[in-house]
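Q: Protein sequences appear in the order of chains A and B.
Heads up, the first sequence is in this note's numbering, so the first residue is 1 and it goes up one at a time.
Heads up, the second sequence is in this note's numbering, so the first residue is 1 and it goes up one at a time.
Restricting the straight-line Cα-Cα distance to at most 25 Å, the calculated cross-link-like pairs of lysine to any residue (SDA-like) are: (1) B:Lys74 to A:Gly140; (2) A:Lys4 to B:Pro147; (3) B:Lys74 to A:Pro139; (4) A:Lys4 to B:Ser141; (5) A:Lys51 to B:Arg113; (6) A:Lys215 to A:Gly187.
Coverage of chain B stretches by chain A, computed from C-beta distances (three or more under 8 Å per stretch; other residues unrestricted): (7) 36-47; (8) 151-161.
In short, the hints are calculated from the structure, not lab data.
Every value quoted in this text rests on a predicted model; they were computed, and no experiment measured them.
Yeah, the Cβ is synthetic: ideal placement off N, Cα and C, and Gly gets one too.
These are the residues of each chain, in order.
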Amino acid sequence: MTCKECLDSLNALVDGELAADEAAAVRDHLATCDECAEQHTRLVEGTMRLKGALMRYEAPDVLKARIRASLARPEPEVVEPIRRRLPFFGAVNWPSAIAAAAAVAVLSSAATLSFANRKSGADAIQSELLASHIRSLMPGHLTDVASNDQHNVKPWFNGRVDMSPNVPRLDSLGFPLVGGRIDYINGRSVPVIVYTRRQHVINVYAWPSNTVSDKTVAASSHGYNLIRVPVNGEEMWIVSDLNRNELEGFVRLFAGTK
Amino acid sequence: MPNTQAEQFEQLVMPHLNDAYTLARYLLHDEHDAQDVVQDAVLRAIRHIHGFRGGDGRAWLLTIVRNCCYTWHKSHKRDRSNVSLSDDSALMVADSSSADDATIRASDSELIRAAVDKLPPELREVLVLRELNELSYREISDVVGVPMGTVMSRLSRAREKLAAVLGEGTRKAG
Numbered sequence: 001m002t003c004k005e006c007l008d009s010l011n012a013l014v015d016g017e018l019a020a021d022e023a024a025a026v027r028d029h030l031a032t033c034d035e036c037a038e039q040h041t042r043l044v045e046g047t048m049r050l051k052g053a054l055m056r057y058e059a060p061d062v063l064k065a066r067i068r069a070s071l072a073r074p075e076p077e078v079v080e081p082i083r084r085r086l087p088f089f090g091a092v093n094w095p096s097a098i099a100a101a102a103a104v105a106v107l108s109s110a111a112t113l114s115f116a117n118r119k120s121g122a123d124a125i126q127s128e129l130l131a132s133h134i135r136s137l138m139p140g141h142l143t144d145v146a147s148n149d150q151h152n153v154k155p156w157f158n159g160r161v162d163m164s165p166n167v168p169r170l171d172s173l174g175f176p177l178v179g180g181r182i183d184y185i186n187g188r189s190v191p192v193i194v195y196t197r198r199q200h201v202i203n204v205y206a207w208p209s210n211t212v213s214d215k216t217v218a219a220s221s222h223g224y225n226l227i228r229v230p231v232n233g234e235e236m237w238i239v240s241d242l243n244r245n246e247l248e249g250f251v252r253l254f255a256g257t258k
Numbered sequence: 001m002p003n004t005q006a007e008q009f010e011q012l013v014m015p016h017l018n019d020a021y022t023l024a025r026y027l028l029h030d031e032h033d034a035q036d037v038v039q040d041a042v043l044r045a046i047r048h049i050h051g052f053r054g055g056d057g058r059a060w061l062l063t064i065v066r067n068c069c070y071t072w073h074k075s076h077k078r079d080r081s082n083v084s085l086s087d088d089s090a091l092m093v094a095d096s097s098s099a100d101d102a103t104i105r106a107s108d109s110e111l112i113r114a115a116v117d118k119l120p121p122e123l124r125e126v127l128v129l130r131e132l133n134e135l136s137y138r139e140i141s142d143v144v145g146v147p148m149g150t151v152m153s154r155l156s157r158a159r160e161k162l163a164a165v166l167g168e169g170t171r172k173a174g
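The following block holds chain A by itself, in its conformation from the complex:
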């Protein structure tokens, strides 16, 4: 084997791409040729250095959530009324209009907002929450303040909204805090606290309200679950694509910290 042949094969040797007999021939040459052996050593070291330095990126949760959301979405022309799952507690009549709103929400949140505004009360709020949740899954929209420390997240809202949101730390219970943001829901600025559970994003909305309600309201649409938590003096909603059972667990933990 000539030095040129040997050097031409070095990359393939290092990458384990040579057949056994070819590899043996190259190694025989390396054993007898200092110059080629030096090149080989250099290539091996360089490759190791490169592998050590290059970073593998982990697909972010929000990307997975966005893909799942896209796949869970029915074809735009097929808008199916939601009646597959009965609410677990509290009877909710979940009109098919919400399903339509959800489909529209994905295409244009602005359009949804005006659409939702024409409707009244809780339905409109649910549409807005769903649109807000889906929008939050788009890149760069999840948090205005990104921190897993409630002592960073809570003060961030000072002076930005007219209330101080509850930001409990639930990491040890499997719901790490991601951060917070401000959204516009029901005609006002609303603080949103963001948690995750595995690959799922959980948005917690709360704003002051005079409505007295001791009833939990739950609804699902297109793979998203919306739960209204009865809190005195507040309208609190929790929205996620997390399964209903785990989301209810989260609601209990979250409400228990109030």
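Dock chain B against the given chain A, drawing on the hints supplied.
A: Relative to chain A, chain B alone:
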């Protein structure tokens, strides 16, 4: 073959999503662009899943991601001519003596990553597919759509360029 698109995603795509995202990050440099392109690529992959002939879903997915990166880049080229994916010019300020203070302070890893980012895209992609995605030459040849000999020579050139930049100039073969 799983039935619903959601199941297809979980079973065929999810195991390779980090690989797909890593490739997109190295080809596009921007995390938000990479997210957009990977999402688009995954939805395409699932829409055209009948084109998947079984076997290793990874090379199949990476092929789609790579193509989407190039398509994305073509359509955004005007906006970002300065970080062009096809920017082959003015690579490598090879002389480390000209490095400024910031570069001197930068760690070895940062220098290497910066050097990889500056590789021309056709060299960068084979390097990432080999070193990070750990594909074989045959698989890289399929993903990139060039003969195996070309894969080998690009990989060799990529490593030579990096070695030169990182102050470990390899002597040319021959």
